[in-house]
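Chemist: Here's the letter readout for the chains.
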Amino acid sequence: MSTIDTSTKAGAPGEPGWKRYKFANHFRNAEDEFDACKLGFWLFLATEVLLFSGLFCAYAMFRMKYPEAFAAGSHHLDVKYGGINTLVLLLSSFTVAMSIRCAQLNNQKWLRINLIITILCAFLFFFIKLAFEYIPKWSQGIRPGILYSNPFAGHPQEPTWWSVYYGATGIHALHVLIGAALLIWCLVRSFRSNQYGPTHYTMLENAGLYWHLVDVIWIFLFPLLYLIH
Amino acid sequence: MNMCALSIAQQSDWLTTKVFGAAGASPLARESDAIFMWIFWFSTFWFVLLMGLMAYWVIKYRRRPGVAPQRSAHHNTPLELAWTIIPSLFLGYMFYVGFQGYISNLVAPTNAEVIDVQGRKWVWTITYPNGANPLTSITMGNNQAAPEIYIPVGRPVQFRMTSADVMHSFWIPDFRFKQDVLPNRYSSFWIEAEEPGEHVVYCAEYCGDLHSEMSAIIRAIPADEYDAYLKSIEDPGGPPEVRGKRLVDTRGGCAACHSIDGTKGIGPTWKDAWGNPVQFADGTSLAGDDPDAWDNYIRESIINPNAKIHTGYAPAMASYAGAFTEEELGFIAAYIKSLSSKAPAGEIPTEQAPADAPSN
Amino acid sequence: MTTITTPDTGHGGHHEGSYLTPNKGGVFATIIQWATTIDHKKIGMMYLFAVLGMFMLGGVAALMVRAELWEPTRTIVDSAGEVAVTGQLFKGGETAAENYLTYNRIFTMHGAVMVFLVIVPGAPATLGNFLLPLMLGAKDVAFPRLNLLSWYIYLLGAAFAVLALLNTGADTGWTFYTPYSSSHAGNTYGNIVMMTTAAFILGFSSILTGLNFIVTIHKLRCPGMGWFDMPLFVWAMYATSIIQVLATPVIGITLLLLIFERVFHVGIFDPAMGGDPVLFQHFFWFYSHPVVYVMILPGMGIATELIAVHCRKPIFGYRAIAFASLGIAAVSFLVWGHHMFASMGELASAVFSALTFFVAIPTAVKVFNWIATLYKGSIALNTPMLYALSFLFLFSIGGLTGLPLATLATDLHLHDSYFVVAHFHYVMMGGTIIAFVGGVHHWWPKMTGKMYTEWVGIVGCLLVFVGFNVTFFTQFFLGIQGMPRRYASYVDEFQLLHQISTVGAFALGLGFFIQLGNFIHSLIAGRKAPPNPWGGLTLEWYIESPPTEHNFHKEPILTHGPYDYEDVYPPHCDPADFPLPDPKPGGAKAH
Chain A
1 MSTIDTSTKA
11 GAPGEPGWKR
21 YKFANHFRNA
31 EDEFDACKLG
41 FWLFLATEVL
51 LFSGLFCAYA
61 MFRMKYPEAF
71 AAGSHHLDVK
81 YGGINTLVLL
91 LSSFTVAMSI
101 RCAQLNNQKW
111 LRINLIITIL
121 CAFLFFFIKL
131 AFEYIPKWSQ
141 GIRPGILYSN
151 PFAGHPQEPT
161 WWSVYYGATG
171 IHALHVLIGA
181 ALLIWCLVRS
191 FRSNQYGPTH
201 YTMLENAGLY
211 WHLVDVIWIF
221 LFPLLYLIH
Chain H
230 MNMCALSIAQ
240 QSDWLTTKVF
250 GAAGASPLAR
260 ESDAIFMWIF
270 WFSTFWFVLL
280 MGLMAYWVIK
290 YRRRPGVAPQ
300 RSAHHNTPLE
310 LAWTIIPSLF
320 LGYMFYVGFQ
330 GYISNLVAPT
340 NAEVIDVQGR
350 KWVWTITYPN
360 GANPLTSITM
370 GNNQAAPEIY
380 IPVGRPVQFR
390 MTSADVMHSF
400 WIPDFRFKQD
410 VLPNRYSSFW
420 IEAEEPGEHV
430 VYCAEYCGDL
440 HSEMSAIIRA
450 IPADEYDAYL
460 KSIEDPGGPP
470 EVRGKRLVDT
480 RGGCAACHSI
490 DGTKGIGPTW
500 KDAWGNPVQF
510 ADGTSLAGDD
520 PDAWDNYIRE
530 SIINPNAKIH
540 TGYAPAMASY
550 AGAFTEEELG
560 FIAAYIKSLS
570 SKAPAGEIPT
580 EQAPADAPSN
Chain B
590 MTTITTPDTG
600 HGGHHEGSYL
610 TPNKGGVFAT
620 IIQWATTIDH
630 KKIGMMYLFA
640 VLGMFMLGGV
650 AALMVRAELW
660 EPTRTIVDSA
670 GEVAVTGQLF
680 KGGETAAENY
690 LTYNRIFTMH
700 GAVMVFLVIV
710 PGAPATLGNF
720 LLPLMLGAKD
730 VAFPRLNLLS
740 WYIYLLGAAF
750 AVLALLNTGA
760 DTGWTFYTPY
770 SSSHAGNTYG
780 NIVMMTTAAF
790 ILGFSSILTG
800 LNFIVTIHKL
810 RCPGMGWFDM
820 PLFVWAMYAT
830 SIIQVLATPV
840 IGITLLLLIF
850 ERVFHVGIFD
860 PAMGGDPVLF
870 QHFFWFYSHP
880 VVYVMILPGM
890 GIATELIAVH
900 CRKPIFGYRA
910 IAFASLGIAA
920 VSFLVWGHHM
930 FASMGELASA
940 VFSALTFFVA
950 IPTAVKVFNW
960 IATLYKGSIA
970 LNTPMLYALS
980 FLFLFSIGGL
990 TGLPLATLAT
1000 DLHLHDSYFV
1010 VAHFHYVMMG
1020 GTIIAFVGGV
1030 HHWWPKMTGK
1040 MYTEWVGIVG
1050 CLLVFVGFNV
1060 TFFTQFFLGI
1070 QGMPRRYASY
1080 VDEFQLLHQI
1090 STVGAFALGL
1100 GFFIQLGNFI
1110 HSLIAGRKAP
1120 PNPWGGLTLE
1130 WYIESPPTEH
1140 NFHKEPILTH
1150 GPYDYEDVYP
1160 PHCDPADFPL
1170 PDPKPGGAKA
1180 H
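Residue numbers (our numbering), protein chains in the order written: chain A, 1 to 229; chain H, 230 to 589; chain B, 590 to 1180.
The hints are simulated quantities; they were obtained by calculation from the structure and are not laboratory data.
Note that the structure is a prediction, hence the values are computed from the model and not measured.
All C-beta atoms in this analysis are idealised placements derived from N, C-alpha and C, irrespective of residue type, glycine included.
Hints are not guaranteed to be accurate.
Stated by the list, open to error - Pair ranges (Cβ atoms, derived):
{"hint": "1", "chain 1": "A", "residue 1": "SER149", "chain 2": "H", "residue 2": "ASP521", "range": "27 to 35 Å"}
{"hint": "2", "chain 1": "H", "residue 1": "GLU529", "chain 2": "A", "residue 2": "ALA181", "range": "47 to 55 Å"}
{"hint": "3", "chain 1": "A", "residue 1": "MET64", "chain 2": "H", "residue 2": "GLU529", "range": "33 to 41 Å"}
{"hint": "4", "chain 1": "B", "residue 1": "GLU1043", "chain 2": "A", "residue 2": "LEU209", "range": "36 to 44 Å"}
{"hint": "5", "chain 1": "A", "residue 1": "ILE135", "chain 2": "B", "residue 2": "ALA618", "range": "46 to 54 Å"}
{"hint": "6", "chain 1": "B", "residue 1": "GLU935", "chain 2": "H", "residue 2": "ALA311", "range": "28 to 36 Å"}
{"hint": "7", "chain 1": "B", "residue 1": "GLY614", "chain 2": "A", "residue 2": "TRP42", "range": "38 to 46 Å"}
Let the hints inform the model, and build the full structure from the sequences given.
Modeler: Structure, rendered in structure tokens:
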């Protein structure tokens, strides 16, 4: 095979994974590889932001077109649950940053504890979203577009608001799950072979960046959907 | 247009006519042609210059064995600035005249005759200022009926356009202008015919199966004839099935999909339809022997076409809700009924509108 | 400064097999080896064959479209009163409308395949993948496994597209305009969802390739290679990649919303539910206009390389071309509205018209620079150079005919007519595809280690050039005279021009067929290619043809610019074949 030597698998027992890690041989050194991965990941995050920007555009356009429908729709959203979820995500962003810091300091125990808290927060967010928002609303017929069947619509265009709401939060929730999966994978690798340490924590760093993105998107969604009427 | 561009354009009148097939039908159209020809000469100048240089150098400096390329400058800032800035000035001018011409086509004079145009797969429905629809059409393209739109010579005419279903585009090549026809909003532009003549209208925005057959013909006639024509189509009256047929042919444009001779179209044929059983895609069916049920089915199919889908046909029809009054729906049902051999002889069918209609 | 420390072709060093050497384990092992490879050259070659296959599919669709338009379609009523429709090639349906539906599906297939599966991935994924690391002196792209992933994503997308086509196809046009696509089109409900899903998936492939290239260019340039020592093809790929990364996510969300709209009727784009179909157009063109430059920028980059090598001249105004690439990339995000002059308001149209003219400027600068490069050169008229000259000719026409389309007054006549069809074929095909085919000829010896037959290449190129112009130049006149695009039938007066166009299309097809035969022949019986058949100076010509798996035997160190043809003898060539001009008076450096 060609140029890459992935060489992250089991090796000298006792040595933690981050010490055994060897950078891919088409890079000149480990720093180059780390920078390359980080640059690549930032570019990927840019694409994610642009993906959501489409939804924000749709939001802005329909808000201008049907302001009353948006006011009517957002009254159905409970700031309490949105606020709790915001706090949950903010906390998780802090813990994921801490776990990266722990990797840099080679504090493996707290790295894992922080990661576990982050992952729990991710599921807590998803649970609140599902149990207190999606399911009750859906069962009341508050659904997107043609599926809308609640008899007490505040405005004929309220289904459009729900389309935007379900579209934006649904795609965001998908990102929460993807982020959680990434973090779980990091946790597994940390438990298995102490994969992350002062000289090598690329994957953890990028998973953390991804998690911050998920958080930042929510920071924009929360006021737009819950707070502005 | 400024004088310089116009004079170049006038010298190329012969060429303009060759390129466009025929001269534009109005001053604005000819101005658009003049702008086009001005851009044409501008482009030709650069193209010939560049390709001439290219050909000349390719031949002059073709590779000869043992002969080296000659040294020359690798860049030349004044030259590069010049060939960046000078064309830019021309482009700025091009934008300016283009915008002028565009705005003049959009903003209609206040005294313009407003003709409503509704695009619908795959017919143009025309409504004159007095509310009448044109009564005649011609066959264009394959076998699609194209409505005849009469307009007065020497009087500005504004088309106010909207679509009942998908996007269309109202293009009159002779007047060198078009605007997209969009659902749930209006767009408009205006024309003014200088002399009597006919002008084709095409749909220029892809709209499905019969996109290439969706056309109309504009006939410019003297203003006094036009006024007389408007009067003549106001309300010709007649028995219900005759009035129904007129609605179907003019405002409805139903023939695009529904034949009356038994051939299969995009929708079911109307010949012998009334009074016969119909099988629907969802498994239900309509018994043939209940006249009221059949009349209701016709009404529902016009207002809410996708409620019951005839087996073997796609749900392709857009709603006509609001396009016809209840009285007119009755006329259409009468017409469809008259096409069926099941209709009781001598009976004039739905003289009264359905029960839930206004008493008129 | 003419000494060079890049490695030689491995004479005396350890001999490695070329990357094309089959696996010793036999055919099956070789297939597995290719299917799991992370070698950018193999991935590039796999893309090349996939793209060529898709090009043939799209090309056949194009010829079917042209064949259908041979006759205008007329209804004839004979003396017995029988109604017959003549002039329809596609006669499967009971009615003319059903036959038109077939036509609509075929032009949609042509457009969608050519855009999403051929031109967008074409140059970046094939030549870009193969050449970018070589030109930078790198062992591979930055993320080789990601590269393999984008190849499989491309395959998945292609599979969805082909499935949709086999299942009778979609009839929306490649633009998927709402509300036709969301709630009206198609008797077969799933095809449009499948087609949009295909485009959605292909977007990911495009994003990942672009991301990979940007990082590669930033991080893997060989020692001695500054930003302005990169070949201009690399600059073009850099600008292309930026657009891919920044524009593609928007089409991602757009197609996702379109799929939601079609499946769940969420009412974002459907006017019947208060949605806005023009919003779709904005979203769509926000991606699809920049993507026009994803298509043309690599073509420009290829043409630049071809002209420099075959004229033996430094590119005139290197920096101007490099910055023009970036300038085009930047402005490309601001001009999407010029596809919608007929459906937007006055203010937006005016703004977009003005911005559109800004794109013309860097584009014109590039053309001037290419032509100026010919001056005092030593111009070899071989197949790649003929393609490059064809590119200049056709792309100039394509660019100049963009002017009346950017000018509002004239565009409102020409919009959605055959003039537009001709214009974008001159740019997309006359520009991108012609440059791409020229590039494939140019690097074919490097990629396969085989030479093709030169005279056949020249004949093919001339046939393509003539066929292309006959096909599409006539379409300018059709459009000006009032022929709308996407029409299955037309009025009789257009028949002559349509027939000329159809004849040209078949000549064009024949030309490509000859080229294909030439390639196949060269693979089977071609002469072995020397490492540097054209006397090129960029790094890929320093290594063997075809390269070894690791590209360079040791890391190259760059000591001369990519186009120092006046001062440096090309590697592996007889200096007598490529003489240098007299040294510059005073010995000053050329730059």
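Chemist: Per the hint of 27 to 35 Å, is the separation of the Cβ atoms of SER149(A) and ASP521(H) within bounds?
Modeler: Holds, since SER149(A) and ASP521(H) (Cβ atoms, about 31 Å apart) stay within the stated range.
Chemist: Can you let me know if the beta-carbon spacing of GLU529(H) and ALA181(A) is within 47 to 55 Å?
Modeler: For GLU529(H) and ALA181(A) the Cβ distance comes to about 50 Å; the hint holds.
Chemist: Could you see if the CB distance from MET64(A) to GLU529(H) stays within 33 to 41 Å?
Modeler: holds, 36 Å
Chemist: Starting from the hint 38 to 46 Å, judge whether the C-beta atoms of GLY614(B) and TRP42(A) obey it.
Modeler: holds, 41 Å
Chemist: Between the beta carbons of ILE135(A) and ALA618(B), is the distance compatible with 46 to 54 Å?
Modeler: holds, 53 Å
Chemist: Measuring from beta carbon to beta carbon, are GLU1043(B) and LEU209(A) in 36 to 44 Å?
Modeler: Because 52 Å falls outside the window, the suggested range is violated.
Chemist: Taking the Cβ atom of GLU935(B) and the Cβ atom of ALA311(H), is their distance within the range 28 to 36 Å?
Modeler: holds, 34 Å
Hint violations for this structure: number 4 only, all remaining hints satisfied.
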